[in-house]
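**Q** Residues per chain are reported as follows:
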Amino acid sequence: MDTQLKRGLLEVCVLTILSKEDSYGYKIVRDLSEHVEITESTLYPILKRLEKQNCVSAYTVEHKSRLRKYFKIEQVGQEKIQEFLNDWESVLAIYKFVKGGGKDE
Amino acid sequence: MNKSKFMSELSIRLNTLPQHEINKSLAYYSEIIADRMEDGMCEEVAVSGLGDIDEIAQEIVLDATPISKFILPNRPLSSSDIFLLVLCSPLIILLIGIVILIYLSVWLVISALYLINISFVLVGLAGIVASIVDFRNNIPINILIFIVSLFSIGIGIVLYAPIKKGSKKLWGLTTLVIRYIKIKFIRKKD
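Quick note, the sequences are listed as chains A and B, same order.
Residue numbers for the first sequence follow our numbering, beginning at 184 and rising by one.
Residue numbers for the second sequence follow our numbering, beginning at 35 and rising by one.
In silico EDC-like pairs for lysine to aspartate or glutamate, Cα to Cα no more than 20 Å straight-line:
(1) B:K202 <-> A:D270
(2) A:K235 <-> B:E55
(3) A:K247 <-> B:D73
(4) A:K252 <-> B:E55
(5) B:K198 <-> A:E262
FYI, nobody ran anything at the bench for these hints, they're computed from the structure.
Bound conformation, chain A alone:
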């Protein structure tokens, strides 16, 4: 899959996980890896980008005498998920057209 496309898709996947509950790096990877291929190293720049775009915000919580960074989805992030869903309606229509060899259903 095209790298840029994959990056964009992973961003939305991370936002979707965070739309259910606030989460932290390792848990995000664990929850997502059931559905898509993602590693902690791939997640780091994604979280940084999402934070920079104000899609998510971060806060730290003390956990077993160490700090754990939690991420919370923001309004901009919710909008990004919606934007993705709207965009993919048209992409799916094109996919069906291409898969059908350009024939009308």
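Start from chain A and add chain B according to the hints.
**A** Chain B only, in chain A's frame:
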């Protein structure tokens, strides 16, 4: 590799970044390794499962470094560097000019789109006010102006979302180009 060795190796590979960026990256990987160990992995497995340290460092550097740092050398310029720079200065100026022009064009297109959008709304508002003020002098024409003005405001409102989306995509395209250039320079340096 154990955790402390991984952290010090990563820190060395990130030494071109500002200290706060290095600290943020180290804190993230320290937390991840601790979480993996808490999940039952031994230290070695928790570290090795993160992948190749060079690739991890490259991805972090790529994301956190401005494009100029990739192009300009870290060491002071030697006399041969300066000679070559002077020799190539027309070409460099031309290239910088092209980059600035592309950036300006993107901004101009985005600004123009928003200006068109605002114009529709403002013209519409002005038309409504004018038609109300002048209503008694020419009733049919003012009703027409009122309706056209409402349409104009409507077009402005309807166009806002696609213009916002288009502008975002256009801006996203420049980010992609910059990332592509960074990758090219990293490969050249390697």
